[in-house]
Amino acid sequence: QQQVKQSPQSLIVQKGGISIINCAYENTAFDYFPWYQQFPGKGPALLIAIRPDVSEKKEGRFTISFNKSAKQFSLHIMDSQPGDSATYFCAASHLRDSNYQLIWGAGTKLIIKP
Amino acid sequence: GAGVSQSPRYKVAKRGQDVALRCDPISGHVSLFWYQQALGQGPEFLTYFQNEAQLDKSGLPSDRFFAERPEGSVSTLKIQRTQQEDSAVYLCASSLYTGEQYFGPGTRLTVT
Chain A
16 QQQVKQSPQS LIVQKGGISI INCAYENTAF DYFPWYQQFP GKGPALLIAI
66 RPDVSEKKEG RFTISFNKSA KQFSLHIMDS QPGDSATYFC AASHLRDSNY
116 QLIWGAGTKL IIKP
Chain D
400 GAGVSQSPRY KVAKRGQDVA LRCDPISGHV SLFWYQQALG QGPEFLTYFQ
450 NEAQLDKSGL PSDRFFAERP EGSVSTLKIQ RTQQEDSAVY LCASSLYTGE
500 QYFGPGTRLT VT
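Chain order of the listed sequences is A and D.
With the first sequence counted from 1, adding 15 to any position gets you my numbering.
With the second sequence counted from 1, adding 399 to any position gets you my numbering.
Heads up, some of the hints might be wrong.
[Unchecked claim] Below are the DSS-like pairs computed for lysine-lysine, each with C-alpha atoms no more than 27 Å apart in a straight line:
hint : chain 1 : residue 1 : chain 2 : residue 2
1    : A       : K57       : D       : K413
2    : A       : K20       : A       : K83
3    : D       : K413      : D       : K456
4    : A       : K73       : A       : K57
5    : D       : K413      : A       : K124
6    : A       : K73       : A       : K30
7    : D       : K477      : A       : K57
8    : A       : K124      : A       : K83
9    : A       : K128      : A       : K30
10   : D       : K410      : A       : K57
11   : A       : K57       : A       : K124
12   : A       : K73       : A       : K83
13   : D       : K410      : D       : K477
14   : A       : K20       : D       : K456
15   : A       : K72       : A       : K20
[What the hints assert, rightly or not] Pairwise CB distance ranges, derived in the manner of DEER restraints:
hint : chain 1 : residue 1 : chain 2 : residue 2 : range
16   : D       : A401      : A       : P55       : 18 to 26 Å
17   : A       : E71       : D       : G458      : 31 to 39 Å
18   : A       : K128      : D       : E443      : 30 to 38 Å
19   : A       : P67       : D       : P460      : 26 to 34 Å
20   : D       : A452      : A       : N82       : 35 to 43 Å
21   : D       : V473      : A       : K30       : 36 to 44 Å
22   : A       : S84       : D       : G402      : 34 to 42 Å
[Unchecked claim] A few chain A residues facing chain D, derived, Cβ under 10 Å:
hint : residue
23   : Q53
24   : G56
25   : L61
26   : W119
27   : P129
Calculated directly from the structure, the hints in this document are not laboratory data.
Quantities reported herein were computed from a predicted structural model and do not represent experimental measurements.
Glycine included, every Cβ here is placed at the ideal spot set by N, Cα and C.
Work out the full structure, taking the sequences as your base and the hints as a guide.
Printed below as a string of structure tokens:
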């Protein structure tokens, strides 16, 4: 029930294309869904996050789509660039009960081909 | 402003040695987290501090792992009698209540 399942494990996208990474969760108590971007040798960096009261959040080229009934959320990277090549992690948390623990997906290694 | 910093960035220890890993959180951040990240995997929660209080240490893998944050700012993760399975990247993150955790660059520990 605590798991967050992320797919695909790896993804290759042409420059300028749309990268889509999906996550699914079971625990309906989760109320905070961040995405992190991690480059080799660096710590994860918070990219964008969403709460379940909205279905979509956009920041620049990055969009989170959230489907509460399906218990799924996804990251879309528009106009993907070689600099977007990194590992992306989705996560979930239950902040309402001050449950700070992030439950992480397994990660998606994204490669953008020039 | 300055982000989360960690030192050392790399540490090689012989099996059986004790190591201490330091984390300097973002100034004013109340919450501090330690994670362990194995190669090719997501971070795994180790422990959580709110100010100087260690509220959750359920993720610490054994009693050889110990963390402290005595003044509610800098934190140290100590591993006693290191084993090869302790080799990993140790990440520190800080947060200002909101749930948005900001990570440091990590310390890569290699136990030989």
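Against the structure, the hints come out as follows:
{"no.": "1", "hint": "A:K57 with D:K413", "result": "holds, 24 Å"}
{"no.": "2", "hint": "A:K20 with A:K83", "result": "holds, 15 Å"}
{"no.": "3", "hint": "D:K413 with D:K456", "result": "holds, 25 Å"}
{"no.": "4", "hint": "A:K73 with A:K57", "result": "holds, 25 Å"}
{"no.": "5", "hint": "D:K413 with A:K124", "result": "violated, 32 Å"}
{"no.": "6", "hint": "A:K73 with A:K30", "result": "holds, 20 Å"}
{"no.": "7", "hint": "D:K477 with A:K57", "result": "holds, 21 Å"}
{"no.": "8", "hint": "A:K124 with A:K83", "result": "holds, 25 Å"}
{"no.": "9", "hint": "A:K128 with A:K30", "result": "holds, 6 Å"}
{"no.": "10", "hint": "D:K410 with A:K57", "result": "holds, 15 Å"}
{"no.": "11", "hint": "A:K57 with A:K124", "result": "holds, 14 Å"}
{"no.": "12", "hint": "A:K73 with A:K83", "result": "holds, 17 Å"}
{"no.": "13", "hint": "D:K410 with D:K477", "result": "holds, 13 Å"}
{"no.": "14", "hint": "A:K20 with D:K456", "result": "holds, 25 Å"}
{"no.": "15", "hint": "A:K72 with A:K20", "result": "holds, 21 Å"}
{"no.": "16", "hint": "D:A401 with A:P55: 18 to 26 Å", "result": "holds, 23 Å"}
{"no.": "17", "hint": "A:E71 with D:G458: 31 to 39 Å", "result": "holds, 33 Å"}
{"no.": "18", "hint": "A:K128 with D:E443: 30 to 38 Å", "result": "holds, 31 Å"}
{"no.": "19", "hint": "A:P67 with D:P460: 26 to 34 Å", "result": "holds, 32 Å"}
{"no.": "20", "hint": "D:A452 with A:N82: 35 to 43 Å", "result": "holds, 37 Å"}
{"no.": "21", "hint": "D:V473 with A:K30: 36 to 44 Å", "result": "holds, 42 Å"}
{"no.": "22", "hint": "A:S84 with D:G402: 34 to 42 Å", "result": "holds, 37 Å"}
{"no.": "23", "hint": "Q53", "result": "holds, 8 Å"}
{"no.": "24", "hint": "G56", "result": "holds, 7 Å"}
{"no.": "25", "hint": "L61", "result": "holds, 6 Å"}
{"no.": "26", "hint": "W119", "result": "holds, 4 Å"}
{"no.": "27", "hint": "P129", "result": "violated, 24 Å"}
Hint compliance for this structure: hints 5, 27 are broken, all remaining hints hold.
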